[in-house]
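Undergrad: Sequence:
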Amino acid sequence: MSSPFQILTDRLLRIGDVQRQSFLHFGTSITVTVLGFLSTMAITHLTGSPDIPGGYFLFLAYLGIFSLISNGGLGGATVSLMGSGGRQAEYFSAYLTIRIILLSGSIILLLLLGPVLVDLTAAGLVPWLMGAVVATAGVDIAGTWLYATGKAGYIQISSLINNLVRIMVQVLAILTGFGVAGLAGSVIAGLVAGSLYLIPFCHLISGRFMRKYAEELIRFSFWALLASGGMVIYGNIDTILLGYFGSTHDVGLYRITMQLASFALFSALALSTILYPKFASWQHDERRAWIAESLARAVSYSLLLALPVCVGGIILGDRLLYFLYGSPYQAAGFVLTLLLITQVAYVFVFLWTMTLSALGMPKRAAAPALIASVVNIPLNLLLIPVFGITGAGAAILITVLIHAVCTGRILSRYVGLIPDVRALRSICI
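The numbering of the sequence shown is numbering that gives the first Met the number 0, which starts it at 0 and goes up by one.
For the record, the hints were derived by calculation from the structure and aren't laboratory data. These figures come from a predicted structure and were not determined experimentally. A couple of the hints might just be wrong.
[Said to hold, decoys possible] Simulated DEER-style distance windows between Cβ atoms: (1) L108 x T30: 29 to 37 Å; (2) L323 x V117: 27 to 35 Å; (3) S326 x G407: 38 to 46 Å; (4) F386 x L59: 48 to 56 Å; (5) L108 x P384: 26 to 34 Å.
For every residue, glycine included, the Cβ atom is placed at its ideal position computed from N, Cα and C.
When you get a sec, could you build the whole thing from the sequences and use the hints?
TA: The following block contains the structure:
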């Protein structure tokens, strides 16, 4: 007998491809964003201090770094190579083998570094971090197969389940007094729930592991790793350094404010996920004019949300933080301004980087991310000890602007970056 989730999925999959994916992406993005903000508001008011949220965000920052090591950029490389033609089973077998090796290596590294990660060890979060890295790998492996075989709709529903379970467990954990450990456990609970949904739809085809496919994956994923790794590093290093030079209180102020600012980005994130397989297909058919036109529209649609959110957030500032999260968060009013401007720049980074990857140019997509990372780490080391969370906000703003400019210059050599003047004029008016 089919489960309710399977029945719902089957009905959704009868809708046209583009309409279905658009519906799922925007539907899940809106749902998760709204529920995420509501749960964050509840947690900040229940705890009354940024310390517990700060410890949780430190946990997420380390999870991002160790999951990057476990992933190795293999997911995107596997999707691209499996979607380019035959030998899907062989490529996936190579991916699975390498992924298991990398996952084992990341767990061993975490065990070795555990005594050095004083903030995590003191909070008893190292075992939770190991569990989260393993659970993330499970979701990634199932999602890679489904994404590569044209079943992205399943992944969106899984993401929704993941986030809903995580949010419910978070609120329950705070209400029952489990603190940071409860918040960390909610991440694992959500990942496990999402992977349990995906597994029945993964009709894996076994293929013989062959060295040549593994080597091709490694060559492709190396540059994908540098591109995604650069963004992961400079998206998390500020949090880790704030915890090192400051306290979990500072981390809580900074990351709660960043989460509020990130509301401006959900259109760009949804569109980048929707358009990536389309752009890759059009590149294979040599239809770059279609890519340029769709990219211009995607930028305009993303700015349609990002710019009003940015302007409104700058005007309201600390008052918005006070009413949403409480009086301790008013201190981050100026940081909110910096982070809102950063989100507007992120629109271009996400969409342009996605386009370069879809064009089969991982090396060129990696270069701006590497440049941004090289700039970001010294900026954080220079600014955070002196200016605290304001320094972290300034560092990420400068970094993202550099990343956007470098990515745009590279992409413009291959695809015309034609602005949709009419749409941009309407947004400004």
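Undergrad: Now look at each hint and say whether the structure bears it out.
TA: Cross-check of the supplied hints:
no.	hint	in the structure
1	L108 x T30: 29 to 37 Å	35 Å, holds
2	L323 x V117: 27 to 35 Å	32 Å, holds
3	S326 x G407: 38 to 46 Å	41 Å, holds
4	F386 x L59: 48 to 56 Å	23 Å, violated
5	L108 x P384: 26 to 34 Å	27 Å, holds
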